[in-house]
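Undergrad: Note that the protein sequences, when read in sequence, are chains A and B. Final position of the first sequence in the numbering used here is 212; the numbers increase by one with none missing. Final position of the second sequence in the numbering used here is 92; the numbers increase by one with none missing.
Each statement offered as a hint is correct.
Some chain B residues flagged as far from chain A (calculated, every beta-carbon gap over 10 Å):
1) Arg58
2) Ala62
3) Ser84
4) Pro90
Partial selection, computed: residues in chain B whose CB lies under 7 Å from chain A:
5) Trp3
6) Trp13
7) Ser30
8) Phe72
What the hints contain is simulated information worked out from the structure, not anything from laboratory work. All residues carry an ideal CB built from backbone N, CA and C; glycine is no exception.
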Amino acid sequence: MPETPAFQFVDLRQQHEVAQLGMWVFLATEVLFFGGLILGYSVYRFMYPEGFADAARHTQIAIGSANTAILLTSSFFVAWAVSIVRLGADRVAAILLAAAAALGCVFLVLKGIEYKVEYDEHLVPGYFFTFGGPNATSAWLFFSFYFVATAIHALHVAIGIMVLIFIALKARCGAYSARYHAPVTVAGLYWHFVDLVWVFLFALIYLPGRTS
Amino acid sequence: MSWYPPRALVFSWLGLLGLLGLTVFTAYQSLGAFNTPIALAIASCKALLIAAVFMELREHNALTIAFASAGFFWLAIMLWLAFSDYSTRPAL
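So that you can see chain A by itself, here it is in the shape it has in the complex (with noise of 0.2 Å):
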């Protein structure tokens, strides 16, 4: 257990500053790769507002709303694994970090479901692609979009839950002290990143054009 800082760190508390710093600026790099997506997507929302709208209205909506309650409580586990292996209780904290990658588990299979149903729609851009209504191409556009950015996301989430599995294990094996638990906290930041990028492409994707 590295309980003392490696030879660049004055103590434990500076090494552990910097992890978290380091995975901010992994962070900040995600954000940028994710605005790239929205702001496609925003330029052609504002191009072709009604089609946007239209394409919208054919997202599952119930399996998105379950699937945001999901991450978000996954990330509360988390949060709550990372407040308690600080005071010691690491093996109930890796219950917890285990329940959240079963949470991020249960997002992909909703997500597999939801992709089933819109590849029966011929929903997905391709030689089968059918949108009924004068918004077919914009349709394609907004399908596109859909497609890879929770495409992306999913990775992220498949990731995050190698990550949390590989973190809950060595939690279990007592690698995780009150004094030593960077790694913990650093994969939390992570998982709570994945979390709040779907929360925007949740509002993206699935609000539009409810109301006509």
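Put chain B on the given structure of chain A with help from the hints.
TA: Leaving out everything else, chain B in the frame of chain A:
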């Protein structure tokens, strides 16, 4: 050794679920041009709750907050410059 969740986390979690319910409810109300700004405002509130409480930014120093804000600052510049172009183009 207490393993109960801190009260701030529980309230934030319940608040986030409440905001989720609110944003789905308002999406179905006919508010005209206000639907999208309200949806984005609620999403921003949720993001702030996640960042401040779950990601513990409220307990961190100015340096960490500057690092955390940097990406969003540059994203805002990108959106601002792009829309200062697209929103002022004359219709063809």
